[in-house]
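Engineer: Here is how the chains run, residue by residue.
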Amino acid sequence: MHMLTLAEISRALSAKEFSAEELTRVLLTRIAQVDPQLNSFITVTEAQAIEQAKAADQRRAQGETGALLGAPIAHKDLFCTQGVRTSCGSKMLDNFIAPYNATVVQKLADAGVVSLGKLNMDEFAMGSANESSHYGPVRNPWDTSRIPGGSSGGSAAAVAARLVPAATGTDTGGSIRQPAALTNLTGLKPTYGRISRWGMIAYASSLDQGGMLARNAEDCALLLQAMAGFDPKDSTSVDQPVDDYLASLEKPLAGLRIGLPKEYFGEGLDSRIADLTLKAVEELKKLGATVKEISLPNMQHAIPAYYVIAPAEASSNLSRYDGVRFGYRCEDPADLTDLYKRSRAEGFGDEVRRRIMVGTYALSAGYYDAYYLKAQRIRRLIKNDFMAAFNEVDVILGPTTPSVAWKLGEKNNDPVAEYLMDIYTITANLAGVPGLSMPAGFVDGLPVGVQLLAPYFQEGRLLNIAHQYQKATDWHTKAPTGFLE
Amino acid sequence: MQWETVIGLEIHAQLSTKSKIFSGSSTTFGAEPNTQASLIDLGMPGVLPVVNQEAVRMAVKFGLAIDAHIGQRNVFARKNYFYPDLPKGYQISQMELPIVGKGYLDITLDDGTVKRIGITRAHLEEDAGKSLHEDFHGMTGIDLNRAGTPLLEIVSEPDIRSAKEAVAYVKAIHALVRYLGICDGNMNEGSLRCDCNVSVRPKGQAEFGTRAEIKNVNSFRFIEKAINYEVQRQIELIEDGGKVIQETRLYDPNKDQTRSMRSKEEANDYRYFPDPDLLPVVIEDSFLEETRGLLPELPQQKRERFERDFGLSTYDATVLSASREMADYFEQVQHVSGDAKLAANWVMGELSSLLNKQDLDIVDSPVSAEHLGGMILRIKDNTISGKIAKMVFEAMAAGEGSADEIIEKKGLKQVTDTGAIESMLGEVLAANAAQVEQYRASDEAKRGKMFGFFVGQAMKASKGKANPQQVNELLKKKLEG
Amino acid sequence: MASDTLMKRVGKIAADSNNGRDFGQGSDVLDCSFLWPFMAFLNAVLDRSRAVTRLSALFYGQADFLENLMALERSDVEKIAHLARLGLNEADIERTTGTLNDILGLIDHMQAVNTDHVEPLAHPLEAVQRLRPDEVTETNQRDAYQTIAPAVENGLFLVPKVIE
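Residue numbers (full-length UniProt numbering), protein chains in the order written: chain A, 1 to 485; chain B, 1 to 481; chain C, 1 to 164.
These aren't lab readings, by the way, just hints derived from the structure by calculation.
Each residue gets a CB set at the ideal place from its N, CA and C atoms; glycine is no exception.
Please note that the accuracy of each hint is not assured.
Unchecked claim - Here chain C is said to cover these stretches of chain A; the calculated rule only asks that three of the stretch's residues, wherever they fall, bring their Cβ under 8 Å from a Cβ of chain C:
{"hint": "1", "region": "11-18"}
{"hint": "2", "region": "305-316"}
{"hint": "3", "region": "414-427"}
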């Protein structure tokens, strides 16, 4: 049962091949057995999951037929789940029982999903390896001595190991797409504003976007259909009608114009990853697409711009963690300043403290223009690059990451080294365009993903392309050995 | 050395919206602690702000009323600092692009002259919560009910040159925001708060001196006293060879002094940047015009109209237009009675006394404008004298009905029949023959007082109902012999 | 050219785990011009000893390059930590100063980009703020919200006494 995709589960539940409760129990047992090797869950909500499953079965018995009714998923531990610990992978929120549901959580609950628990992540979504979590690192099911990517590392590992068929994630600089690529999954970051950020604990407000990781595009479409939509509680939510993502999966790709940015393929990119990327291009050409070289000239400046904007916004967003109204409070604070300084120093890990410092500095008097404003100007250049490119092509394709999964501990204490791994994904967050990563092969047994980027609100197109590609290839069907039973 | 005082004021007006500026919590004053603090107000993880349209409307009303440039594309920015009554660790305010730009307000000084005070800008921001320092065994208690209430921060140019001018300006702002219906101006409850920036410079010097900021002065009286104290302090400091430090001070009304705020550190770096959870607020021309249409006649216009159409003095016109309620009351009295001057006198005189004594606002006046107007009509048509009117007024205040009803019931109609008065006077003189002789024997100077005696007797005899004017005339004639 | 040699060296050091295979052995040299500035910093990051860094920089003719690093002093770091209310101890400050300088060096590369006449982009989609009607929609949830508070009394959140 655990090998079924979300879509297969949906059809099986519909055909009453098994109940949501049965499925849930099977998965809960698997999680208990398998997850100690991966550490992908922070909180398993066993009792609630069974309640939810029973309720879904009940709804189905009464005639309801939604595609996600009774479907098991898990949430990245960054989405507020009422009555359940929501930790953001941090000691600061280890004792935080969310008093409300995030819109994403509520929408999926209304659709009848069963949430099995909360997934591990880099602390406050800051990281690309899921090594910074207070709850310990997550391991990649493809090689447990390696990282699964981050910050949605728990989501990736859990889905890749077939502990859940799909999971929610968030993506600020690549945190859905990169772990998807490193664990052979399909991951989607929609257009900025497509999915509500209410209850999605903020890291960098103008870059954060919710999304999902699953085993294929169809599963992603199922979830996106329920998650997307305007939310009046989120000022940055866009009031744009939600497409029928499932219907558009089947559109043929004839006439699709793909752009390959020359900057992506500098002579030195690991040739094997480059090869797989170009192979994927060939497959798409067979399906009717044409390819041309394009240019994203300001791409290289994306990393410094991101590492100003994201920490700057984060430094402000994380000021509310002060030990006063919720969260971690240090023991016996001597005075107010001590309360703040020790609660925050003890509650936050190294990477979070680092980024808060960088962000504070970038916004401080005398540096605002040279850092923050400068970065925002570069941001516009990057957006302009995309707008220009999308005049010539329909989608942009490239590798998702410059490398395969690296070993645990390898890039510790080398934040800059880790930052560089975001080189392909980061531009999409700065410009707000939707991006998807899909499996495209293996290098030395480790998964490699290719990334597709599209103009605003064309996540439907991305899912369509990935779905057609996945009908013609089978990379996405491979599962890590050792996690098949 | 001649010194000149330079003052700039920052006034925070709490806007009287029903809900908070970024959340749907109630803004009612006086609720139990933290019962009006939603997830957003508490700065919980994952929450997001959404802007209250009425707050924007009220700010635009203010901007139009001070003839200011309206920031049709204005941006909310975060002001970052740590304090327990600031749950997010930042206040959402406006920095580079405020909703209201440069404007002005004309104020009337004590001597009647009008001075134009420039207003640099006004912007929207959220209020912080409250800290309670009473004993919680060495701890401070934080109440976040107030956190998120919309504020309009109004910044004046440093055009004010004395404490009295400062008070006149604050009073004018107070009146204006109440006129516009955007703030109740209740300084006791903190609806209107004033920070005073005070500096001195030698007369004739172009540069400003270093200024000190006196925070949160909450009554007109204290504003005047605080500024006066601070000016004196600065002058003495400089004359003693010292330098004024740019700092924040508090006014202590008990000691009538300002003192430095110990806990405030050197210039806080607020790291302002546009709030990424909010988008730029765009005010379309249609919204602007719609709002303009919602503006009431403003205090200045009303004052001018009262002077022009009713012939009132500037002083009277100013007093009567000080608040919308007062102006409306007066106009109603004038309308019913047809006599602006009498209406003005009665409203500013007897009515104001009554209200003060009973500690009532004009909206709660026990004497309605209709009744007062009706009474004045009876004075004008000689049904009652001014003196009797006072009795009628008191009776109306006691709820005994309209002027006509009271006059009827108590038989207060004035006696105007010449014959009746003559005969009454005849009796009075007859009863006081000795005094009459004395009167006729005295010279002009002494006669004045004696005349009053006869008037008094006449009034007594007629139980006050004889028309005073006629009494005067006829009595004179009779006494002349 | 000296930088090619440096890049090969850096590429080797920076080689991620392609099963122990370093980039140098591949058919292509890691010479992507777009990655150069970042890779150079990897050099500084990976080699903790400033002296060695300076030596190799000299050797490779990169002396002035490293001198241009945005240098934060210890006192700067203390100020920033205070602004952010992060209590750093001695060891933290040491470590953080070095790492922050590395990150700032990365960021400094922005200065090379010409952004004259380019407007800052605060929000990717450049939409405008929606205004909500002035209605009270929240009810009193104090009890529910205060169950997770560290210190509460009589409905108030407690903090160490604040002196005004």
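Engineer: Closer than 8 Å, Cβ to Cβ, for at least three residues: run that test on the region 11-18 of chain A against chain C and report holds or violated.
Structural biologist: With 0 residues closer than 8 Å to chain C, the region 11-18 of chain A misses the three-residue bar; violated.
Engineer: How does the region 414-427 of chain A fare against chain C when you require at least three residues with a CB closer than 8 Å, holds or violated?
Structural biologist: holds (count 7)
Engineer: So is the region 305-316 of chain A in contact with chain C by the C-beta rule, three or more residues under 8 Å, or is the coverage claim wrong?
Structural biologist: holds (count 4)
Violation of the numbered hints given earlier is confined to hint 1; every other hint is satisfied by the structure.
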